[in-house]
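S.K.: The residues making up each chain are set out below.
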Amino acid sequence: MTTMTVSGHQFDLDSRSVEAALQGALPEPIHEHFVVINGRRWPPKQVLSLVTGLDRADFTTHQARRALTRLGFAAARAVTPRGSHPVASSAAAPPRPLAAGTTERREPQVEALRPFIGLWVAVRGDDVLVAAPSAKEVVAWLAKHRQRAQSMFRVPDSEQAITGTAPQ
Amino acid sequence: MRFAFRGLPAAGGGTLTPRPVVDIALEGLADAPMECLLDTGALRTRMSAELAPLAGIELSGALTEEFYIGGLKTVGAVARVNLTVTDGADEFSWDAPVWFCDPWPHPFGLAGLGFMYHFLVTMRANDGYLDIEPQP
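Protein sequences appear in the order of chains A and B. Quick note on the working numbering: the first sequence kicks off at 1 and runs consecutively. Quick note on the working numbering: the second sequence kicks off at 1001 and runs consecutively.
Everything labelled a hint here was simulated from the structure, so no lab data went into it. Predicted model, so just to flag it, every value in this text is computed and none were measured. C-beta: ideal position from N, C-alpha, C; glycine also. Treat the hints loosely; a few may be bogus.
Simulated crosslink set (SDA-like; lysine to any residue; CA at most 20 Å straight-line) [stated by the list, open to error]:
1) K1073(B) with L26(A)
2) K144(A) with T1122(B)
3) K136(A) with K1073(B)
4) K144(A) with R56(A)
5) K136(A) with G1041(B)
6) K144(A) with G1041(B)
7) K1073(B) with G1056(B)
8) K144(A) with L1059(B)
9) K144(A) with P1103(B)
10) K1073(B) with R124(A)
11) K1073(B) with A1030(B)
12) K136(A) with L1059(B)
13) K136(A) with V1121(B)
14) K144(A) with Q160(A)
15) K144(A) with P1105(B)
16) K1073(B) with S158(A)
17) K1073(B) with D1031(B)
18) K136(A) with E1027(B)
19) K136(A) with R1002(B)
20) K136(A) with A1030(B)
21) K136(A) with E1050(B)
22) K136(A) with P1103(B)
23) K144(A) with D1102(B)
24) K144(A) with S17(A)
25) K136(A) with T1122(B)
26) K144(A) with K1073(B)
27) K136(A) with W1094(B)
28) K144(A) with E1058(B)
29) K144(A) with E1066(B)
30) K136(A) with E1058(B)
31) K136(A) with I1057(B)
Away from chain B, derived, C-beta distances all over 12 Å, residues of chain A [claimed, not checked]:
32) E19
33) Q23
34) I30
35) H31
36) E32
37) V36
38) R41
39) L54
40) D58
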């Protein structure tokens, strides 16, 4: 446990208590700063507010970021949003299948999707805007945060899910 | 309009072979275009039935059919809806029948020949993208 003072209140926190506080919540849109928790990007103020119960107006983004990095979470700044054109660098040098329909090449968007296998996602460029168990939750999140996705789909949990289609 | 093939993570590690997809928005769901696999072996445009209520599409009383997809028996209900495809710069809309299917085991919708009748489709699999050009 790490003891820290936020907005005059003292809290004993560790990474597990933070992860537990985020259960059932969806990350809000990332504007600039984010922390990585369980493979997902979260706005630092949203996290610290959920963990402490404090109002977000009671602390700054930098205070939240500092508090969470003290607990061992990686923090970073989002790059300028990418263009909406879906053809990324992968188009110039396509991955070649090695065996059984898989490649070992690391694509940014593929890696961004990896934590969300089995979930519905909304993406824009290489960024995953939101991931949730159902399309309904994804659509509700987009509406609530006035975000527009480039595309929505479920990240398959097996190759079988995207083969053997071709009905009428 | 150009669309990169979709690469996806394999559950066991590595990357699944990228697939040709286009993003098709249902009328009423413009902010969440559904990624659809281009499927020349399919005749129809099919999507998960859970999308219909999200787009405000009424399926009660709709014509239905049973069929098998990927070995799974499913039921599709058809509705004629306005569809829009966009690459972020250009967009094209048209009316088409869409079959909303339950259960729907696939992560994408399917854009079959019914979609391709509206476009000149050029597939560049080796380069990992496809181009579509609306046809009058």
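S.K.: Each hint needs a verdict: does it hold in this structure or not?
M.R.: Hints versus structure:
{"no.": "1", "hint": "K1073(B) with L26(A)", "verdict": "violated, 33 Å"}
{"no.": "2", "hint": "K144(A) with T1122(B)", "verdict": "violated, 37 Å"}
{"no.": "3", "hint": "K136(A) with K1073(B)", "verdict": "violated, 23 Å"}
{"no.": "4", "hint": "K144(A) with R56(A)", "verdict": "holds, 18 Å"}
{"no.": "5", "hint": "K136(A) with G1041(B)", "verdict": "violated, 29 Å"}
{"no.": "6", "hint": "K144(A) with G1041(B)", "verdict": "violated, 38 Å"}
{"no.": "7", "hint": "K1073(B) with G1056(B)", "verdict": "violated, 25 Å"}
{"no.": "8", "hint": "K144(A) with L1059(B)", "verdict": "violated, 26 Å"}
{"no.": "9", "hint": "K144(A) with P1103(B)", "verdict": "violated, 28 Å"}
{"no.": "10", "hint": "K1073(B) with R124(A)", "verdict": "violated, 33 Å"}
{"no.": "11", "hint": "K1073(B) with A1030(B)", "verdict": "violated, 30 Å"}
{"no.": "12", "hint": "K136(A) with L1059(B)", "verdict": "holds, 17 Å"}
{"no.": "13", "hint": "K136(A) with V1121(B)", "verdict": "violated, 31 Å"}
{"no.": "14", "hint": "K144(A) with Q160(A)", "verdict": "violated, 34 Å"}
{"no.": "15", "hint": "K144(A) with P1105(B)", "verdict": "violated, 27 Å"}
{"no.": "16", "hint": "K1073(B) with S158(A)", "verdict": "holds, 19 Å"}
{"no.": "17", "hint": "K1073(B) with D1031(B)", "verdict": "violated, 30 Å"}
{"no.": "18", "hint": "K136(A) with E1027(B)", "verdict": "holds, 16 Å"}
{"no.": "19", "hint": "K136(A) with R1002(B)", "verdict": "violated, 28 Å"}
{"no.": "20", "hint": "K136(A) with A1030(B)", "verdict": "holds, 14 Å"}
{"no.": "21", "hint": "K136(A) with E1050(B)", "verdict": "holds, 8 Å"}
{"no.": "22", "hint": "K136(A) with P1103(B)", "verdict": "holds, 16 Å"}
{"no.": "23", "hint": "K144(A) with D1102(B)", "verdict": "violated, 27 Å"}
{"no.": "24", "hint": "K144(A) with S17(A)", "verdict": "violated, 27 Å"}
{"no.": "25", "hint": "K136(A) with T1122(B)", "verdict": "violated, 33 Å"}
{"no.": "26", "hint": "K144(A) with K1073(B)", "verdict": "violated, 35 Å"}
{"no.": "27", "hint": "K136(A) with W1094(B)", "verdict": "violated, 24 Å"}
{"no.": "28", "hint": "K144(A) with E1058(B)", "verdict": "violated, 23 Å"}
{"no.": "29", "hint": "K144(A) with E1066(B)", "verdict": "violated, 36 Å"}
{"no.": "30", "hint": "K136(A) with E1058(B)", "verdict": "holds, 16 Å"}
{"no.": "31", "hint": "K136(A) with I1057(B)", "verdict": "holds, 14 Å"}
{"no.": "32", "hint": "E19", "verdict": "holds, 22 Å"}
{"no.": "33", "hint": "Q23", "verdict": "holds, 23 Å"}
{"no.": "34", "hint": "I30", "verdict": "holds, 17 Å"}
{"no.": "35", "hint": "H31", "verdict": "holds, 18 Å"}
{"no.": "36", "hint": "E32", "verdict": "holds, 22 Å"}
{"no.": "37", "hint": "V36", "verdict": "holds, 17 Å"}
{"no.": "38", "hint": "R41", "verdict": "holds, 17 Å"}
{"no.": "39", "hint": "L54", "verdict": "holds, 31 Å"}
{"no.": "40", "hint": "D58", "verdict": "holds, 32 Å"}
Violation of the numbered hints given earlier is confined to hints 1, 2, 3, 5, 6, 7, 8, 9, 10, 11, 13, 14, 15, 17, 19, 23, 24, 25, 26, 27, 28 and 29; the remaining hints are satisfied by the structure.
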